[in-house]
Structure formats: C-alpha cells, structure tokens
Amino acid sequence: KAGVTQTPRYLIKTRGQQVTLSCSPISGHRSVSWYQQTPGQGLQFLFEYFSETQRNKGNFPGRFSGRQFSNSRSEMNVSTLELGDSALYLCASSLEGSGNTGELFFGEGSRLTVL
Amino acid sequence: GENVEQHPSTLSVQEGDSAVIKCTYSDSASNYFPWYKQELGKRPQLIIDIRSNVGEKKDQRIAVTLNKTAKHFSLHITETQPEDSAVYFCAASWGGGNKLTFGTGTQLKVEL
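These protein sequences, in sequence, are chains Y and P.
Our numbering puts the first sequence at residues 470 to 584.
Our numbering puts the second sequence at residues 94 to 205.
Please keep in mind that the hints were generated in silico from the structure rather than gathered at the bench.
Because the structure is a prediction, the values reported are computed rather than measured.
A portion of the hints provided could be inaccurate.
Said to hold, decoys possible - Subject to a maximum C-alpha distance of 25 Å in a straight line, what follows is the list of computed DMTMM-like cross-link-like pairs (lysine to aspartate or glutamate):
| hint | chain 1 | residue 1 | chain 2 | residue 2 |
| --- | --- | --- | --- | --- |
| 1 | P | 161 | Y | 572 |
| 2 | P | 161 | Y | 565 |
| 3 | Y | 470 | P | 142 |
| 4 | P | 115 | Y | 572 |
Unchecked claim - Looking from chain Y toward chain P, a few residues come up when the C-beta cut is under 7 Å (computed):
| hint | residue |
| --- | --- |
| 5 | 502 |
| 6 | 507 |
| 7 | 511 |
| 8 | 517 |
| 9 | 520 |
| 10 | 522 |
| 11 | 523 |
| 12 | 524 |
| 13 | 525 |
| 14 | 529 |
| 15 | 572 |
| 16 | 575 |
| 17 | 577 |
| 18 | 581 |
Each residue gets a CB set at the ideal place from its N, CA and C atoms; glycine is no exception.
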C-alpha cells in the first residue's frame with residue numbers, strides 16, 4: 470500500500486507570493502492533517518480535514534488555508550508569504566474517523582523556503 | 094488550549110543504558126498520548142501510544158507510563174542501541190479528531 474505522498478518536496482518562494490502544497494493520503498484514510506515543523510517550535514498543528522470538512526483548526530493566521538477533495542486528497546495554501554513561513558510542512562493521514570485519535574502516518578514533507 | 098512540555102531537550106546515553114523522556118500536559122480532558130520517533134531527514138513515525146484508561150504500556154524495549162493525576166507521561170527505552178538515536182516527540186490529544194499537540198522534542202544520542 471502506498472504511503473502518504475506530498476508534492477512538491479522542495480520549493481523556494483519570495484515574500485508576498487503564495488504557495489499551494491498537495492497531499493495524497495494512504496488509500497482508505499479519510500482524515501488528513503497538516504503540521505508545520507520548524508527547529509525552534511517543533512510540530513505545530515495547522516488543520517485537519519475529514520470527509521471534505523475542516524474538523525479541527527490550529528492557531529495560525531488566516532493566510533493559511535486548506536481543503537480536501539472527495540477522493541481525500543488535500544491541499545493547503547499559504548498566501549502573502551512571510552520569511553517566518555519557511556518550514557517543513559508535513560501532511561499526515563489517519564484511518565481513525567470515529568472521533569477518537571488514531572495513528573498518524575506522515576508524508577516526507579514539503580520544505581518551503583521564503584526569501 | 095493544550096500545552097505539552099517535554100524534557101530533556103537533549104539526552105546522551107551509552108549503548109545498553111536506559112533512557113527516559115518526560116512530558117507534562119495541561120488539559121485534563123486529554124485522553125490519548127502517542128510518542129513519535131523522527132530520524133534525521135525522515136518522517137515522524139509512531140512508536141508507542143497510550144490511552145487514559147491505561148497506566149502503562151510496553152512493547153519490547155519501549156514502555157510508556159501515564160500519571161493522570163499529575164498530568165505527566167514518560168517514555169522509557171531500555172538496552173539502548175545506536176539505531177535508537179533520533180528525535181522523540183511526545184503528544185497529547187483530547188479526541189474529537191486527529192489534532193495532536195506535540196512537545197518540542199528530545200534529541201537522543203546513543204553512544205558506542
């Protein structure tokens with residue numbers, strides 16, 4: 470079974486631009502979460518989607534948004550990029566959908582550098 | 094919201110020794126506590142988890158203990174090996190989906 474796939478793996482943007490990251494979950498997983506990983510802050514929760522609906526949201530500004538499609542694939546978008554948005558963005562899928570928290574299967578991440 | 098503190102930030106042990114990493118959480122409603130291991134340049138992977146109705150769980154050389162009263166939980170690794178060298182993250186969740194609040198990580202180094 471294929472794992473969680475994220476594209477692109479690396480990207481460089483300049484301040485003020487926007488970026489869209491894509492995540493394909495493991496087949497059968499309907500929950501997709503996004504995390505921002507930085508050396509100083511660790512893993513910070515962005516949002517979670519389940520059955521095309523945002524189920525949970527972290528404490529990030531409105532410049533960060535996401536969506537999920539009917540095939541469970543998810544995208545996240547960051548508009549008006551700032552230098553501080555440079556980070557590894559990790560997507561994780563989970564089979565658990567009943568409301569309990571289950572094992573997260575992470576992708577390899579998209580490393581964003583903002584110049 | 095939930096806050097998870099993790100200590101120590103770095104830990105160096107000799108091969109064969111035990112390693113202990115501790116975490117505290119703030120939200121008494123949290124009921125799920127996983128531990129993830131992230132090797133250099135790789136994705137985080139779940140190594141063990143525990144739910145609030147259990148006080149201890151063990152899987153070979155790895156064990157996790159939970160003290161709900163004190164709101165802290167710990168990871169214990171016995172007979173450490175060089176391949177145990179990695180960053181370990183604790184996390185907490187109150188349910189209602191797959192939102193995890195992570196600690197800031199512990200860099201474990203197992204020296205020969």
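Going down the list of hints, with the structure as the test:
1. 161(P) - 572(Y): Holds, because 21 Å separates the two Cα atoms, which is no more than 25 Å.
2. 161(P) - 565(Y): holds, 24 Å
3. 470(Y) - 142(P): holds, 23 Å
4. 115(P) - 572(Y): Holds: residue 115(P) and residue 572(Y) sit about 20 Å apart, inside 25 Å.
5. 502: holds, 5 Å
6. 507: violated, 10 Å
7. 511: Check passed: Cβ of residue 511(Y) comes within 4 Å of chain P, closer than 7 Å.
8. 517: holds, 5 Å
9. 520: violated, 11 Å
10. 522: violated, 10 Å
11. 523: Result: violated, 10 Å to nearest chain P Cβ.
12. 524: holds, 4 Å
13. 525: Interface hint status for residue 525(Y): holds (4 Å vs cutoff 7 Å).
14. 529: Cβ of residue 529(Y) sits 13 Å from chain P, so the hint is violated.
15. 572: Holds. Min distance 5 Å.
16. 575: holds, 4 Å
17. 577: holds, 5 Å
18. 581: violated, 16 Å
Checked against the numbered hints given earlier, the structure breaks hints 6, 9, 10, 11, 14 and 18 and satisfies all the rest.
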